[in-house]
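Student: Chain by chain, the residues:
Protein chains: 2
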Amino acid sequence: MAIEKQKVAIIGSGNCAIAKIAGYNAARHSDSFERQVNMYVYQEKNLTDIINEEHTNKKYLPNVQLPENVVAISNVEEAARDATLLIFVLPHQFILNVCKSLKGNISPKAHAISMIKGVDVRDNKISIFADVIQEALGIPCAALSGANIANEAVARDKFSETTVGYRPNQRELALSYVKLFDTNNFRVGMIDDVAGVSLCGALKNVVAIGAGFCDGLGWGDNAKAAIMRIGLMEMKKFSLEFFQNVKPETFTETSAGFGGRNRKCAEAFVKTGKPFSVLEAELLNGQKLQGTETAREVYQYLSSRNRVDAYPLFRTIYKISFEGMPPAQLTSDL
Amino acid sequence: MAIEKQKVAIIGSGNCAIAKIAGYNAARHSDSFERQVNMYVYQEKNLTDIINEEHTNKKYLPNVQLPENVVAISNVEEAARDATLLIFVLPHQFILNVCKSLKGNISPKAHAISMIKGVDVRDNKISIFADVIQEALGIPCAALSGANIANEAVARDKFSETTVGYRPNQRELALSYVKLFDTNNFRVGMIDDVAGVSLCGALKNVVAIGAGFCDGLGWGDNAKAAIMRIGLMEMKKFSLEFFQNVKPETFTETSAGFGGRNRKCAEAFVKTGKPFSVLEAELLNGQKLQGTETAREVYQYLSSRNRVDAYPLFRTIYKISFEGMPPAQLTSDL
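Read top to bottom, the protein sequences are chains Z and E.
Following numbering that gives the first Met the number 0, the numbering of the first sequence begins with 0 at its first residue and continues without gaps.
Following numbering that gives the first Met the number 0, the numbering of the second sequence begins with 0 at its first residue and continues without gaps.
Since the hints were made in silico from the structure, they are not lab data.
Any given hint might turn out to be false.
Unchecked claim - With the C-beta cut set under 7 Å, the calculated list includes, among others, these residues of chain E facing chain Z: (1) Ile-125; (2) Phe-158; (3) Ser-159; (4) Glu-160; (5) Asp-220; (6) Asn-221; (7) Ala-225; (8) Thr-251; (9) Ala-327; (10) Thr-330.
Said to hold, decoys possible - Example chain Z residues on the side facing chain E (calculated, C-beta under 7 Å, incomplete): (11) Asn-123; (12) Ser-126; (13) Ile-138; (14) Lys-157; (15) Ala-222.
As the list claims (entries may be wrong) - Sample of chain Z residues lacking proximity to chain E, with all beta carbon distances greater than 12 Å (derived): (16) Lys-4; (17) Pro-66; (18) Val-277; (19) Glu-292; (20) Ser-331.
Every value quoted in this text rests on a predicted model; they were computed, and no experiment measured them.
Even glycine gets a Cβ: it sits at the ideal position worked out from N, Cα and C.
Only chain Z is shown next, with the shape it has when bound in the complex (with noise of 0.2 Å):
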């Protein structure tokens, strides 16, 4: 069956790495996408003018010039309704809201890819993103992992990794998902697995804490090596318990990429002793770090299931994060 050329829409403009990979790829891949990729972008001042006339978008990656075929359009309604292919990229407290206003106002042939970081814990339960999307828009949802890891590939033309998760039977939309985001540098496998992706890409912003610790604290490579497989294993363990169908192989054999601000952060709060808002704030420009927040929802969602126990890495990196266990207790417990 041949997939009919697509109509790219982003919906969220925080991932300006992601709007020049598409809208390069789209316009390269001329079989398979309409040229014109519409992107949501939420009006402060006159952003989405700023961003059609100069084509950057300077709140994020202010040097990255985004191409052309990008258009920039602050109405979510307006952007999404010719597009088959949304990408969603807003942070994960818009979802809902947007996903309202969309509702009936998409494509019947419209399919979605998730890029939202983090999971959704909400009264003793937890949700990937993707689920989310999927259920409020009744259209497939699948997700990429680390697509914060873009960022690298575009602003600093370094090599990385990604993984597309598709949901069973949605091989060819997945097949349009690597078109539309593989470039050289950036490398885009696929699974069809999208909660293990989706958890994959989640958890291992915890684990990254981890790493940064054993860097914080000058442990050495075995050291982190050890946090980031006991880590994986319990990333494996933690979604194959709570989660159906997840594949295991996704978590051992996809890319997983412990790395970036996560690690960083969290060598410097072993070094410098300051909490992880204050490290925000200098740091992130107060933007919040995945890898602890993800950690203090797994650990409430551990806690509301009794089995915090059953998880030790992810139990002592939230209580070196957030109650002020030393950060050289952490592996006592393991």
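Following the hints, put chain E in place on chain Z, whose structure we already have.
Tutor: Relative to the frame of chain Z, chain E by itself:
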């Protein structure tokens, strides 16, 4: 079936950390081990006297105090005569001669564990050293991956992990190896896969060279994570292709540990532009770097099988290390 009290002999003096750990555990687990641990030391000047009087090996870990129950013996047959548990930590070029001396002179209850680094490539054949020893002595031989990382636990009091790979039906022996090596900072796991553990231990050094190239290039955490993931997949593929009865989970669930001096020397290779032979002289006191040696052996073996192109990362690491390929091409062929 209860295991009788084991008498331990360490064949080789190059790993003081393992000697320290074995001495310490033999003394505290007096239900399982004879107190005295013999250590065969190749006699240079009066090295055995120095070790037995000062309880330190100035040649290797000069700051490590050996337990006084570790007794250096310069005659290998004498060191091994009454032993039931033989630990092989020799440089690989001495194994066959030492086994020749031991053959017929060891206890009928003797069994062995190999900590010898690398793989044995000869006449277009590849073997692990645990098989070489098992065949030469006619006794079961297990393997410990990454004995060198014991140095971090002992000399610098840092957390690290390793794995015992044991033969099918030799679980009781494996438990005694774990008991002999496991400490609070040096965690020892086990799996019934001698070949997998040995190959993991050898090939991870090759991948660590690639990780070090990444660091030297300043490519960041995500690129390094990608190299390690791709490397792990090539390690697993190689082992399953060329060895019998390897368990895939050995590569994804047991402790691998990509680090240490292989990574650091590879970083220096990129940053200084000096060849590995010079770096070995400058940074390793003339010792050979395991990762590049294994990279060369693996490349030669794959060449003899016409399978080089099936392992693009192994090929690239070899070519950067020895054939002048620019490090920045690390990911070009992946």
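Student: Which earlier hints can't be squared with this structure?
Tutor: Numbers 1, 9, 11, 12, 13 and 20, in rising order.
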